[in-house]
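When you read off a place in the sequence shown, starting at 1, and then add 6, the result is the number in this note's numbering.
Simulated from the structure, these hints should not be mistaken for laboratory data. Glycine included, each C-beta is placed from N, C-alpha and C at the ideal position. Errors might be hidden in some of the hints.
[As the list claims (entries may be wrong)] Pairwise CB distance ranges, derived in the manner of DEER restraints:
| id | residue 1 | residue 2 | range |
| --- | --- | --- | --- |
| 1 | R279 | N215 | 19 to 29 Å |
| 2 | D283 | N215 | 24 to 34 Å |
| 3 | L27 | R288 | 31 to 41 Å |
| 4 | A162 | A38 | 15 to 25 Å |
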Amino acid sequence: MDWKLPFSPGVRRLISAAAVLALVLTWVADLAVLRQPVPSNAPTRWLPVFVTGPLAVLALPDTRWTPSLTIRSVSVAVMSIALTGVCLFVSPDTTDWGFLETLALLFLIVRVLAEAQPTHTAARTGAVLAAGVLMLPLRFRTLSSFVGGGYVLTVALALCVLIGCSLRALEARRQRAVQDVRYAERLALARDLHDLIAHHMTGMIVQANAARTVCATAPEKVDPALAAIARSGTETLESMRRLVRVLREESHTALRPVDLLSELGDLVAEFSRRQPDAPAARLEASAAARTSRFSPEVETSVYRVVQEALTNVHRHAPGERVVVRLDADPEWLHVTVTNSGAQRRTGSPAGGRSGLGLIGLRERVEALDGTFSAGATAAGQWEVRASVPRSPAGAPPVP
């Protein structure tokens with residue numbers, strides 16, 4: 007039974023196992039009641055045990071062949087109400103309550119109130135199911151059964167409504183938390199964008215003033231200064247384009263003008279140029295990663311992981327050998343950044359401190375339903391690893 011509840015997979019499996027056990031034991035109770043001798047064996051006695059009860063249970067799980075939860079729930083409720091109506095015209099001694107049917111209807115109420123979208127559809131479907139549950143005592147056509155059964159079912163119904171609404175509230179709160187994380191990530195990226203532009207523009211202004219100063223005394227130094235200004239301006243525009251793309255609302259259109267490997271290659275090459283005395287960083291990519299295409303948000307997140315990992319190596323472990331590994335399978339894109347020694351703290355990190363570290367990377371990757379880890383390996387190396395689904399939840403598959 008695949009219950010889409012806001013719990014961990016282990017808790018969901020435990021809930022599913024408990025639900026299956028409860029349904030099986032309830033069906034055994036139905037069979038035990040059916041075996042008791044009665045003057046007649048009318049269909050209204052065995053239908054709840056062998057037809058409506060099992061059909062209500064089959065409406066609980068989700069499969070690729072079943073219709074939506076709302077359609078299944080309404081169908082089961084109508085079936086139960088129809089059987090109750092038929093029982094009103096036969097002898098009370100030839101009818102059966104249907105404990106399995108009752109329990110399945112209560113479980114359906116919990117699922118509908120917790121999962122059905124939109125909210126008004128969940129409320130209407132839950133009301134139809136509740137009507138079917140509250141009408142069950144009418145099958146015996148006695149005042150005592152109606153009062154006693156109605157009381158028990160009303161209490162059980164209230165508990166199921168409370169559980170379903172609580173699960174719905176938990177899921178809504180989880181969705182809001184995810185949105186808050188994404189909003190916080192965009193704010194962090196906006197701060198990065200401000201720091202990046204301020205840094206590069208300050209350097210360009212210093213170089214321009216230096217070129218004006220040496221123009222008369224050393225004309226041969228003007229051209230290198232202008233080239234440095236042009237290079238800094240190009241890097242600023244490219245970085246700003248990359249960050250602004252992430253700040254935009256998620257869409258399903260391709261936003262990257264170049265492929266991921268080219269950008270990672272430029273990033274690794276720039277990292278090697280910044281550390282001329284260290285071994286050159288190496289970019290490795292499997293055949294699957296070279297021939298695959300990925301969604302824009304996946305490529306941007308992977309680029310940001312590599313960028314932050316290389317920045318941390320430059321700050322905390324300068325001079326170490328670095329390997330960037332990119333791999334892909336039918337479901338995931340994996341990126342690993344490994345340096346030959348564990349990170350160590352330096353007195354003053356080169357390039358200053360950024361506003362987005364490993365915590366921000368974890369939030370970014372997990373927002374795409376991926377996994378992120380960073381730490382020392384058994385071999386004494388430092389490894390940053392991220393695995394992101396090739397097409398995040400809610401996005402169409404990338405060809």
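These are the hints, each one checked on the structure:
A hinted range of 19 to 29 Å holds for the C-beta pair R279 and N215, which are about 25 Å apart. Roughly 30 Å separates the CB atoms of D283 and N215, a value that falls within the hinted 24 to 34 Å. Checking the proposed 31 to 41 Å range against L27 and R288 shows it is violated: the Cβ atoms sit about 55 Å from each other. Against the hinted window of 15 to 25 Å, the Cβ-Cβ separation of A162 and A38 comes to about 21 Å, which satisfies the hint.
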